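S.K.: The task is simple: from the sequences and hints, build the whole structure.
What follows is each chain in one-letter form.
Number of protein chains: 4
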Amino acid sequence: MFITRVRVRFHEIDRAGIAYFARSFQYCHETFEDMLARALDVDLERFFRESTWMLPLVHAESDYRMPIVLGQDLRIELKIARVGKTSVHFAYRIIGEPDGVERGKVTLVHSCVERQGFITRPLPDELIAGFKALGLIPPEVRRKD
Amino acid sequence: MFITRVRVRFHEIDRAGIAYFARSFQYCHETFEDMLARALDVDLERFFRESTWMLPLVHAESDYRMPIVLGQDLRIELKIARVGKTSVHFAYRIIGEPDGVERGKVTLVHSCVERQGFITRPLPDELIAGFKALGLIPPEVRRKD
Amino acid sequence: MFITRVRVRFHEIDRAGIAYFARSFQYCHETFEDMLARALDVDLERFFRESTWMLPLVHAESDYRMPIVLGQDLRIELKIARVGKTSVHFAYRIIGEPDGVERGKVTLVHSCVERQGFITRPLPDELIAGFKALGLIPPEVRRKD
Amino acid sequence: MFITRVRVRFHEIDRAGIAYFARSFQYCHETFEDMLARALDVDLERFFRESTWMLPLVHAESDYRMPIVLGQDLRIELKIARVGKTSVHFAYRIIGEPDGVERGKVTLVHSCVERQGFITRPLPDELIAGFKALGLIPPEVRRKD
Chain W
1 MFITRVRVRF HEIDRAGIAY FARSFQYCHE TFEDMLARAL DVDLERFFRE STWMLPLVHA
61 ESDYRMPIVL GQDLRIELKI ARVGKTSVHF AYRIIGEPDG VERGKVTLVH SCVERQGFIT
121 RPLPDELIAG FKALGLIPPE VRRKD
Chain L
146 MFITRVRVRF HEIDRAGIAY FARSFQYCHE TFEDMLARAL DVDLERFFRE STWMLPLVHA
206 ESDYRMPIVL GQDLRIELKI ARVGKTSVHF AYRIIGEPDG VERGKVTLVH SCVERQGFIT
266 RPLPDELIAG FKALGLIPPE VRRKD
Chain D
291 MFITRVRVRF HEIDRAGIAY FARSFQYCHE TFEDMLARAL DVDLERFFRE STWMLPLVHA
351 ESDYRMPIVL GQDLRIELKI ARVGKTSVHF AYRIIGEPDG VERGKVTLVH SCVERQGFIT
411 RPLPDELIAG FKALGLIPPE VRRKD
Chain E
436 MFITRVRVRF HEIDRAGIAY FARSFQYCHE TFEDMLARAL DVDLERFFRE STWMLPLVHA
496 ESDYRMPIVL GQDLRIELKI ARVGKTSVHF AYRIIGEPDG VERGKVTLVH SCVERQGFIT
556 RPLPDELIAG FKALGLIPPE VRRKD
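Residue numbers (my numbering), protein chains in the order written: chain W, 1 to 145; chain L, 146 to 290; chain D, 291 to 435; chain E, 436 to 580.
Some clues are possibly wrong.
Said to hold, decoys possible - DEER-style ranges, computed between Cβ atoms: (1) L:ILE148 <-> D:ARG295: 14 to 24 Å; (2) L:ASP218 <-> D:PRO412: 25 to 35 Å; (3) L:VAL246 <-> E:LEU569: 47 to 57 Å; (4) D:ARG295 <-> L:THR265: 14 to 24 Å; (5) D:ARG295 <-> E:ARG473: 50 to 60 Å; (6) L:ASP188 <-> E:GLU485: 44 to 54 Å; (7) W:GLY117 <-> D:ASP389: 41 to 51 Å; (8) D:THR342 <-> W:GLU114: 41 to 51 Å; (9) D:THR376 <-> L:ASP218: 26 to 36 Å.
Unchecked claim - Derived SDA-like pairs: lysine to any residue, alpha-carbon spacing no greater than 20 Å straight-line: (10) W:LYS105 <-> L:VAL203; (11) E:LYS540 <-> D:THR397; (12) W:LYS105 <-> L:HIS234; (13) E:LYS540 <-> D:PRO346; (14) D:LYS395 <-> E:PRO491; (15) D:LYS395 <-> E:SER546; (16) W:LYS105 <-> L:PHE263; (17) L:LYS230 <-> W:ARG65; (18) L:LYS230 <-> W:SER111; (19) D:LYS369 <-> E:GLU496; (20) W:LYS105 <-> L:THR252; (21) E:LYS540 <-> D:HIS349; (22) E:LYS540 <-> D:ASP353; (23) D:LYS395 <-> E:PHE553; (24) E:LYS540 <-> D:HIS379; (25) W:LYS105 <-> L:VAL254; (26) L:LYS277 <-> W:ARG65; (27) W:LYS105 <-> L:SER256; (28) D:LYS395 <-> E:ASP498; (29) L:LYS277 <-> L:LEU185; (30) D:LYS395 <-> E:HIS524; (31) L:LYS250 <-> W:SER111; (32) L:LYS250 <-> W:ARG65; (33) D:LYS395 <-> E:THR542; (34) L:LYS277 <-> L:ASP186; (35) E:LYS540 <-> E:ARG442; (36) W:LYS105 <-> L:GLU206.
No wet-lab data here; the hints were simulated from the structure.
Just so it is clear, the structure is predicted and the values come from calculations on it, not from any experiment.
Just so you know, even glycine gets a beta-carbon here, dropped at the ideal spot from N, CA and C.
M.R.: What follows is the structure, given as structure tokens:
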């Protein structure tokens, strides 16, 4: 499990007075960003400038349990639900702090593509190795699609 | 079907050089906003200030087919996929213009709640009537959950 | 004068129930984007991929007259206040529709730089020509810094 | 001086590959939010639900020194530049970490208004007391406009 924390901000609230629903995706993607930087041991700016592969979203999904309000501190928990040959499924939980109550769940599915032409390609070995180093997949995991 | 159009903006692009994935949810929700204003024949600011009921999201889902780039004109098509007693499922298609190529699909599921306490309640009759007036549900539709 | 129109969206409202103050900058920059595409007669995605020069902000400023609420239709008026050798000052007015009441003013100052290294350089001739073609600067204007 | 830290996120980058200019205002306002919660010793959600006064922006201004890129850690320093009878000027510096290099400066001017009708009113005593408790204004400061 990989965990980050975030505070809900004034501009992230919508006209209904709660965090805009799409913010859940943003919060979880921010956790993904920190995890990716750690898994690859790389500066993200450099990664996006130089990498020959990318991980665009192919599917995103969110379930909402409770409204999230201004100033709420959130803990975002990332787990890998499935690793395919060319894609990876991340499962997130959005949890209030300090109450520990789950506000919602998010699933993000990324596909690996060549930077040139966005052509699907296998997940690179260094990414799999990074997932293992962070304990997000067991050392012996085999990829399959 | 209810249709709106939107142009992809400079600040909506992410570090990968394409529209940030969560923007798809935003674009479709904007279509929902225009549809709601029309269905209820109401000013939205007034609606959110005075209404005793609200329509928070309980589920959101998106599939991505093609990257969306800066300046792209999009047509967003909204259909009602299902009307329950207390919830409504909207199905959206995000289509490039003028090429007509689908970039992605979005599903947004809203639940109806009392403004006070966020307690689930039946969809109000005026909302159902508005959906019918816009041709989004057939005149004879019965609600069921 | 170059004019665009925009509608204030649900997610652009903050916890105080009005459009988040920084949205004014966004609305005006969107007008800039449309103007730039017209001035250069270019697709913006292609411009940002291929251009050897860019126009980053060096200064931004906004005065707020009246709160802007959800669903408000706005007319954004862009004028060029000053053209220097290496920079250009745009003056914007944010006006409610249909009431015609000014909500605020924005000034955006862009500097011209080489894409490589962000080194200041003179405004390119094709940009000046585009401003003239749109009537944003008089045909005889001379640049000075 | 009141200080917060923030990391630049993937979705905050624009098509030019750097942090969108209006993000500077957002980062500084987030510092303001944390400062306000501390100065009033209050939960912000409760403050915006119950307070009889508010602090809308009347002016915002930013100078840009250096592009800010993805993943950059920033330190935001807030100082009070001036306290008037009905308004307060905050001066912010946006500084890279760990390099210590200033990326830009922001000024935000807030006016105090009654929640009902947005009518200008004097800054409340509890706010002035909070600024003093945080060391943002000297204990003996007198307000003037």
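S.K.: For each hint, tell me whether it holds in the structure or not.
M.R.: Against the structure, the hints come out as follows:
With their beta carbons about 18 Å apart, ILE148 (chain L) and ARG295 (chain D) fall inside the hinted range of 14 to 24 Å. ASP218 (chain L) and PRO412 (chain D) have their C-beta atoms about 33 Å apart, which keeps the hinted 25 to 35 Å range intact. For the pair VAL246 (chain L) and LEU569 (chain E), the supplied restraint of 47 to 57 Å holds, since their beta-carbon distance comes to about 55 Å. For the hinted restraint 14 to 24 Å between ARG295 (chain D) and THR265 (chain L), the CB-CB distance of approximately 38 Å leaves it violated.
Taking 50 to 60 Å as the suggested C-beta distance range, the pair ARG295 (chain D) and ARG473 (chain E) does not conform, at roughly 41 Å. For ASP188 (chain L) and GLU485 (chain E), the Cβ-Cβ distance of about 26 Å falls outside the hinted range of 44 to 54 Å, so the restraint is violated. Here the CB-CB span from GLY117 (chain W) to ASP389 (chain D) is close to 49 Å, well matched to the stated 41 to 51 Å. Separation of THR342 (chain D) from GLU114 (chain W) is about 26 Å and departs from the stated range, judged on CB atoms against 41 to 51 Å.
A beta carbon spacing of about 33 Å between THR376 (chain D) and ASP218 (chain L) agrees with the range 26 to 36 Å that was offered as a hint. Among the hinted pairs, LYS105 (chain W) with VAL203 (chain L) is consistent with the structure: their alpha-carbon atoms are about 11 Å apart, no more than 20 Å. The suggested pairing of LYS540 (chain E) with THR397 (chain D) holds, with an alpha-carbon distance near 16 Å, which does not exceed 20 Å. For the given pair, LYS105 (chain W) sits about 19 Å from HIS234 (chain L) by alpha-carbon distance, which is consistent with the 20 Å threshold.
Proximity of LYS540 (chain E) to PRO346 (chain D) is assessed by CA-CA distance (about 16 Å); at most 20 Å being required, the pair is judged to hold. A threshold of 20 Å between alpha carbons decides the hint, and for LYS395 (chain D) with PRO491 (chain E) the separation of about 16 Å falls inside it, so the pair holds. Distance restraint check for LYS395 (chain D) and SER546 (chain E): the Cα-Cα separation of roughly 17 Å lies within the 20 Å cut-off, and the hinted pair is therefore satisfied. A hinted pair counts as satisfied when its Cα atoms are at most 20 Å apart, and LYS105 (chain W) with PHE263 (chain L) qualifies at roughly 19 Å.
About 19 Å separates the Cα atoms of LYS230 (chain L) and ARG65 (chain W), which keeps this hinted pair within 20 Å; it holds. Restraint check for LYS230 (chain L) and SER111 (chain W): the C-alpha separation of about 37 Å exceeds 20 Å, so the hint is violated. Annotation: proposed proximity of LYS369 (chain D) to GLU496 (chain E) holds, straight-line Cα distance about 19 Å (limit 20 Å). Of the supplied pair hints, the one linking LYS105 (chain W) and THR252 (chain L) holds, its CA atoms being roughly 16 Å apart against a limit of 20 Å.
Using a Cα cut-off of 20 Å, the hinted pair LYS540 (chain E) and HIS349 (chain D) holds, with the two alpha carbons roughly 10 Å apart. Only pairs whose Cα atoms come within 20 Å are accepted, and LYS540 (chain E) paired with ASP353 (chain D) is accepted, the gap being roughly 17 Å. For the hint pairing LYS395 (chain D) with PHE553 (chain E), the CA-to-CA distance comes to about 19 Å; that is within 20 Å, so the pair holds. A C-alpha spacing of about 19 Å is found between LYS540 (chain E) and HIS379 (chain D), which places the hinted pair at or below 20 Å, so the restraint holds.
For the hint pairing LYS105 (chain W) with VAL254 (chain L), the CA-to-CA distance comes to about 15 Å; that is within 20 Å, so the pair holds. Of the pairs offered as hints, the one joining LYS277 (chain L) and ARG65 (chain W) is violated, with about 29 Å between alpha carbons and a cut-off of 20 Å exceeded. With a C-alpha separation of about 17 Å, the suggested pairing of LYS105 (chain W) with SER256 (chain L) holds against the 20 Å cut-off. For the given pair, LYS395 (chain D) sits about 17 Å from ASP498 (chain E) by alpha-carbon distance, which is consistent with the 20 Å threshold.
Proximity of LYS277 (chain L) to LEU185 (chain L) is assessed by CA-CA distance (about 11 Å); at most 20 Å being required, the pair is judged to hold. Straight-line distance between C-alpha atoms of LYS395 (chain D) and HIS524 (chain E) comes to about 19 Å, which keeps the hinted pair within the 20 Å bound. Taken as a hint, the LYS250 (chain L) and SER111 (chain W) pair is honoured in the structure, with Cα atoms around 17 Å apart against an allowance of 20 Å. For the given pair, LYS250 (chain L) sits about 23 Å from ARG65 (chain W) by alpha-carbon distance, which is inconsistent with the 20 Å threshold.
With a CA separation close to 16 Å, the supplied pair LYS395 (chain D) and THR542 (chain E) stays within the 20 Å bound. Between LYS277 (chain L) and ASP186 (chain L) the CA atoms are separated by roughly 13 Å; this keeps the pair inside 20 Å, and the hint holds. As the CA atoms of LYS540 (chain E) and ARG442 (chain E) are separated by approximately 17 Å, the hinted pair is consistent with the 20 Å bound. With a CA separation close to 12 Å, the supplied pair LYS105 (chain W) and GLU206 (chain L) stays within the 20 Å bound.
Checked against the numbered hints given earlier, the structure breaks hints 4, 5, 6, 8, 18, 26, 32 and satisfies all the rest.
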